[in-house]
Every structure is written in structure tokens, then in C-alpha cells.
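Engineer: Below, each chain spelled out in residue letters.
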Amino acid sequence: MKRFYNPDDFKLIYSQYKDLLIPFATLVAGIFLVIYFIIPQFNNFLTSRNQVAQENIKLKNLKTQLDYLTSMDDNTINSEYNILTNALPSEKAYDSILAAVYVASGKSGVSLGDFSFKVGELKDSQKTTTNLNIDLNLSVLGTVQGVADFLEELQKTAPVNQIVSVSTSSRGGQILVRFYYQPLPPVNLIDGQSVIAISPKEQKIIAQIAGWNNLQNQESVAIPQGTISGSFRTNPFQ
Amino acid sequence: MNDQINLVSPKEGLDKQEKTIKIVRIGSIVFLSVVALVAVVIFIINMTYNVANVQKDEESTLVQIEQYKQKSAELFVVNNRLSNISSVISKRKDYSSLIKSILAIIPDGANSNGMELNEEATSLSLTSTSLLPLQTFLDSAKSLIAKKQLIKNVVINYLSANEKTGKYSLSVEIDFL
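Going down the list, the sequences are from chains A and B. Count along the first sequence from 1, then add 1; that gives the number in our numbering. Count along the second sequence from 1, then add 818; that gives the number in our numbering.
Heads up, some of the hints might be wrong.
[Claimed, not checked] Sample of chain A residues with no beta-carbon within 12 angstroms of chain B, all distances over it, derived: (1) Tyr95; (2) Gly107; (3) Leu139.
[Claimed, not checked] Listed below are several chain A residues computed to face chain B (Cβ distance under 8 angstroms; list not exhaustive): (4) Ile14; (5) Tyr15; (6) Leu21; (7) Leu22; (8) Gly31; (9) Gln52; (10) Val53; (11) Leu60; (12) Asp96; (13) Glu153; (14) Val161; (15) Ser170; (16) Glu203; (17) Ala211.
Calculated from the structure, these hints are not laboratory results. All C-beta atoms, glycine included, are put in the ideal place defined by N, C-alpha and C.
Please construct the entire structure, taking both the sequences and the accompanying hints into account.
Structural biologist: Structure representation (C-alpha cells):
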């Protein structure tokens with residue numbers, strides 16, 4: 002039987018190419034290194050680079066938030082909190098609404114007639130994100146100019162309100178005012194996402210609201226009271 | 819004689835082969851060295867681009883932010899109230915200015931009987947013992963429309979005369995800009 006291969010042939014080939022064997026093995030090792038190490042490591046590098054870039058952005062935001070929080074004055078934020086929670090109460094603040102009407106009438110020089118509330122739902126929805134409201138229908142006794150002054154004052158008086166309709170006559174006017182309130186939202190402080198800096202434009206709005214009437218009569222808050230400017234006390238219940 | 823016939827001597831051929839082998843050897847070693855160097859460099863770079871380090875920094879910053887929990891909560895509520903109040907302020911109509919603007923164009927001799935203002939429309943009724951003040955009022959309104967100030971349109975609902983009181987009544991509907 003003839004053998005399929007001849008050992009002498011191998012010996013001949015080996016002796017002929019033995020000098021190239023090591024360089025060949027080296028090349029093969031290099032190619033293996035490229036395929037099984039360098040390419041995966043390079044892919045890993047690209048992925049890591051993207052991840053690091055994203056995490057760096059996140060870190061930068063967190064640092065900015067931290068800087069903002071550390072630089073923020075305690076009294077200022079307390080004061081802003083009080084002003085705004087009084088301008089938009091967290092519940093139906095009837096006393097505050099009546100005080101607002103009295104303040105506006107006092108400042109505009111008109112007399113108040115009958116009034117009626119449209120209460121709406123008695124149970125507040127804690128999950129709502131939109132503003133809830135109470136409608137107040139009231140009659141004002143005075144001149145048309147007096148009614149206009151009353152409306153102007155009412156718009157600058159807390160709680161935040163909106164005139165829905167006005168009907169004037171020679172004796173005064175009938176006004177439908179919508180007072181707003183909203184339950185406090187659940188505070189979610191995950192990953193510092195809730196720390197949003199107050200812009201200069203928003204600061205202007207706060208300053209404008211701080212000048213409103215009837216900001217003192219407000220709901221009690223758990224946070225220490227800050228200084229509130231531009232307000233005066235005329236709560237008829239106190 | 820053989821040496822003279824064969825142009826390449828066996829010794830010369832052997833030298834050339836050895837030279838080629840040498841080049842191949844050097845080339846393969848250089849190739850492997852470069853590959854190894856690249857592998858080491860890329861490995862080191864990967865070690866330095868470690869997400870865990872950044873995440874560790876993030877965690878420590880979050881711990882620091884946690885210390886300002888009360889402030890963060892207040893700020894969150896402040897932002898929430900601000901956006902809600904701003905939305906109310908932006909949508910409310912300044913009826914006070916509208917009334918004052920209308921009063922400003924009512925001439926002497928005419929009296930405002932009543933005004934109705936709401937989201938949809940504004941209506942006004944005037945009375946006067948003469949038609950002239952009513953005409954003056956309409957002219958003023960017309961002038962404002964022409965100047966594109968305050969008023970967009972005025973529609974006369976009716977103009978009537980009452981023999982008993984001797985007064986003229988004018989009722990108009992006003993569209994504001």
C-alpha cells in the first residue's frame with residue numbers, strides 16, 4: 002500500500018523553509034493580537050469614550066447645580082418660597098381671597114356688595130398639575146372709574162386671580178373673578194434633577210409678585226418665614 | 819568553465835536568500851513589536867477612560883447636593899409656582915385698562931349706561947341728550963381703528979331715542995386688538 006505522504010518530503014520542506022518558520026509564526030501571532038485584542042479594545046475604547054463623555058456632562062450639570070445651591074442665599078429662597086406659595090396657595094384659601102377683595106376695594110375706594118363663591122369640588126386632587134380655581138362673583142358699588150381701579154388693584158393682589166367678566170352700570174359693577182390655587186407638587190429630588198436655576202427673567206416676575214398686595218396673610222408653611230416686602234395686612238378675619 | 823557559464827554563482831544566490839530571510843525576520847519582529855506596543859497603549863488608554871471614576875465623582879457630588887435637600891425642595895416648589903403663576907398672568911386680560919381706555923374716549927355730555935366685558939366681546943351703551951357727543955364718541959373710535967390703536971372694530975347694535983326722557987341711547991360692540 003502506497004502511503005499518502007512521505008516523511009522525507011516533510012523533512013525536505015522543513016529544511017527548505019525552516020528559516021521562515023519563526024517569522025511566519027511571529028506574523029500569525031501579530032495578526033491574532035490585532036484581531037482578538039486590539040480591535041475589541043479599540044471598540045471598547047470608543048464605547049468608553051462615549052460613556053465617559055455622557056457621564057462628564059452629567060457630572061458637570063451636577064457640579065453646576067451644587068454650585069448654584071451653595072451660592073444661593075437661604076433667606077432669599079425662603080422669601081421667594083413664601084411669596085410664591087402665598088401668591089398661588091396650595092389649597093382653597095377663602096380667607097385670603099376675601100382679604101384680597103377687601104384690600105383691592107380699600108385701595109380703589111369702592112364699596113363691596115354681595116358676593117358668592119362657586120366652590121367646585123370639595124376634595125382637592127393632589128395629583129393635578131394644572132391650576133385649580135374658585136370663582137367669586139361679587140358686586141362693587143362705585144363709579145365705573147372706581148370699578149376699573151378695583152380691577153387693577155385686584156390683579157396686583159394675592160392670591161393670583163383672573164377677571165373672567167365685568168359688567169358695569171352707573172352704580173358700580175358685577176365682577177366674576179377666578180382665584181387660583183394648586184396643591185404642592187410631590188418633590189422629586191432624584192439625581193438633582195429638580196435643581197433648576199431661577200433665570201433673571203423669572204427673578205423679575207418674582208420681584209413683580211413681591212410687590213403685590215395681601216402677601217402676608219398666607220397659609221402657614223413649614224419653612225422659616227423670610228422677609229416679604231411690598232405688602233400690608235388687611236385680613237378681615239384677624 | 820562552469821563558473822563562467824552560470825551568471826549567478828551558488829554563493830551569491832545563497833547570500834541573497836539569507837538577506838531575504840533576514841529582512842523577513844526583522845519585518846516580522848517589527849510588526850509584532852508595533853502590534854504589541856499598540857495593544858499596550860490602547861489598554862492603558864482604556865484604563866484611563868474609566869466610566870467608574872466619573873461615576874464615583876458623580877456620587878460624591880450627589881452626596882454633597884443631598885446636604886442641600888431643603889433648599890432643593892424649596893427651589894423645586896418655587897419653580898413650580900413660578901411657571902403656574904406666569905401661565906395665569908400671561909393669559910389674563912387687562913380689563914381695567916380697557917375700561918379706562920373706553921372712558922377716555924367718552925366725551926362730555928355722554929354717559930356710560932353700562933359695559934359688558936368678557937373673553938368673547940365687549941359691549942357698551944351710552945346715553946346723551948344730544949346726538950353730537952355720541953357722534954364724537956364714534957369718531958374717536960373710528961380714529962383709533964384707523965391708527966390701529968386699541969380698537970379693531972366697532973359695531974353699532976342700536977341707536978334709539980326716548981321721547982319721555984329726551985335722551986338718545988347708543989349701544990355698540992367693540993372688538994379690541
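Engineer: Which hints from the list above does the structure break, by number from lowest to highest?
Structural biologist: 4, 5, 7, 12 and 17
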